[in-house]
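*Asks:* Following the hints, complete the assembly by docking chain B onto the known chain A.
One letter stands for each residue in the lines below.
Protein chains: 2
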Amino acid sequence: MRDVAIIGIGQTPVGEHWEKSLRHLAHDAIMAAMRDASIEAAEALYVGNMLSGALNGQEHLGALIADFVGLRGIEAMKVEAACGSGAAAVRVGAMAIASGMHELVLVCGIEKMSDAIGNLTTGALATAADQEYEVSQGISFVGLNALLMRRYMHEYDVAKEAFAGFTVNAHRNGAHNPNAMFRSPVSEAAYARAGMIADPINLLDSSPVCDGAACLVLAPADRYRSRAKALILASAVAIDSLAIHDRRDPLVLDAAVISSQKAYAEARLTPANIQFFEAHDAFSIMSALSLEAAGFAPRGAGVRLAQDGEIAIGGHIPLSTMGGLKARGHPVGATGVYQIVEAVQQLTGQAGQNQVAGATIGMAQNIGGSGATVVTHILGAV
Amino acid sequence: MRDVAIIGIGQTPVGEHWEKSLRHLAHDAIMAAMRDASIEAAEALYVGNMLSGALNGQEHLGALIADFVGLRGIEAMKVEAACGSGAAAVRVGAMAIASGMHELVLVCGIEKMSDAIGNLTTGALATAADQEYEVSQGISFVGLNALLMRRYMHEYDVAKEAFAGFTVNAHRNGAHNPNAMFRSPVSEAAYARAGMIADPINLLDSSPVCDGAACLVLAPADRYRSRAKALILASAVAIDSLAIHDRRDPLVLDAAVISSQKAYAEARLTPANIQFFEAHDAFSIMSALSLEAAGFAPRGAGVRLAQDGEIAIGGHIPLSTMGGLKARGHPVGATGVYQIVEAVQQLTGQAGQNQVAGATIGMAQNIGGSGATVVTHILGAV
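Here the protein sequences come in this chain order: A and B. Our numbering puts the first residue of the first sequence at 684, with every later residue one more than the last. Our numbering puts the first residue of the second sequence at 684, with every later residue one more than the last.
None of these hints come from the bench; they were simulated from the model. Where a beta carbon is used, it is the ideal one built from N, C-alpha and C, also for glycine.
Restraint ranges, calculated between C-beta atoms of paired labels, are given here: (1) Thr1043(A) x Glu949(B): 35 to 43 Å; (2) Asp991(B) x Ser721(A): 47 to 55 Å; (3) Pro861(A) x Leu886(B): 55 to 63 Å.
Example chain A residues on the side facing chain B (calculated, C-beta under 10 Å, incomplete): (4) Gly736; (5) Gly745; (6) Ala749; (7) Met760; (8) Gly767; (9) Ser768; (10) Ala777; (11) Ala809; (12) Ala812; (13) Arg931; (14) Ala938; (15) Ile941.
Here chain A stands alone, though its shape is the one from the complex (with noise of 0.2 Å):
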């Protein structure tokens, strides 16, 4: 099995872009990444989205990105696992690449939510979840992650006013990213005031709906050496069942759990070792359970680096340093790609003011649904 590369990077600015389909998107990112890696044509093209069929009435993006950037005959293929799709492609890439079947391989996640007109958004979402047990009750995704926050709090006596940090954490490092989505910091007493959308989620718990893709181009460590920005030092899936109430806790993401302890088997490598974590924020809760479940901090306790300020950039384990899915913004088919670029910002010191200082190895962790599919990169300066 080949050692795995990455020698190109590319994204656009997150946010509602308006002026461009989806398609011009996504040939922003791939354009940028492959200028990145200094190259003019791949072999294989694989998209990582979740929602084009249903905001954007097209399915087969690997072929339509594929053609639109000019790579008309090569390999192309979409990769769906919910909000997960973005790491799941970049899995795909490097088995592609690990495998010997491919030498240059590009992954772009791309999600076009804008466009889409009333609450199709909200319906497009629950899709993650379990339609015959889940949504057919007539709950949204936000509602199924504010029924974990109200049992965290209960569970573990958490104040709401504990989550905070999360929040003022993931905007004060995307004021600081030209591609953040959000770029203005904010205070504890702003996200006390802020809406509530399915208590006890408010509107500062929460990712926003938003456009945006990314690319990463991957090649094998031995021929690319010289070339390589970052290697992947290990890449693990793990599912647990969509629906909640199925799961053995609902407060252990039992993937996630997994997943952290097959790339850290594969790479040899202890939470100890990881410099900083892009974690899953797609809201605040999930910022604690990811960080409990990769082993960043006992049960009960992922909250508190938030509060102690553990997860600054110069804290103990900076997390969603580039502003997360919250601040940067959470374009879901493309977050998993989003974050492993960003990893690589940080791993070959261009992180600008959210540079962690001597940064070698990162982790990212794309999660789909509630926790149901986990997808864990580690990543390693070269």
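*Replies:* Just chain B now, with coordinates in the frame of chain A:
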């Protein structure tokens, strides 16, 4: 790169399964394949599906199905390439084994189209075509194929009746396949009488809307040689523009040409070595174009193979040996897996009255859209 073996196959009958939900249908195919392979666990599940978001309100099938068949904790995701989704998922499964990342992999193709209301299905199928440049102009997917068929008839001076042989052949083969949706033979006279859908495509040129699931168990050939039922000799994907008007030549399926040539090169074979061809006969015109693109007939001569009886079981290049998309049925995201399951039936001498005598090498070609994604697999007997 490790060679990949198929050690188990499973399929449900194709039809209208009103009594089973999507997850139950997938379950039945997966359990059958696991029993066939004598395994009780697997490390990964790749699901080929196109329409679950649109027709079943359910994305995230990887986790949903893996959990439902009792495999919580494994890797799982969905792969989509329009009607080529099934074979694209097989391609990903093959990479997972070839790379050494997994030892036992399930690939399940699943589509549940019956439950959709009204003309949701026609709209959903059109997401395989170019939304911005084709579908927005009001054309349906069958309409696009009708344009191709009309052009073929015009350019090569072929009468509509010349296509009857494809339908007659498919139904003759489907009659002996217990899993086929249509098990009654169809005459040329019936073809001539069939109601028009989109001139010149009539009802008997068209594959049906239906439900079905099929599954393969993949494993490394070296380690599982004694249990191997067939070997994947080649696996190749190529893309073309979604929009037909963007193609170099609308009557040449360039992606099928490239995908076939990649596959022949990988397997070190030529069309002369292929003993049967599971073609993507979603519409009769696709059979003709596929036979030409894959090298079995010169340009404009594909339809003659059907007229001359060369595509029958005892003919020069037996086509759609278990009924094909036309008679076995075309549950879109499942079709590519059905084709390979049926190829394994041929290669293991289990094709019953449809057995191609002494078959040791067969080819399956799954097409997404009207030729924009083409996935070719060449399978060999052990």
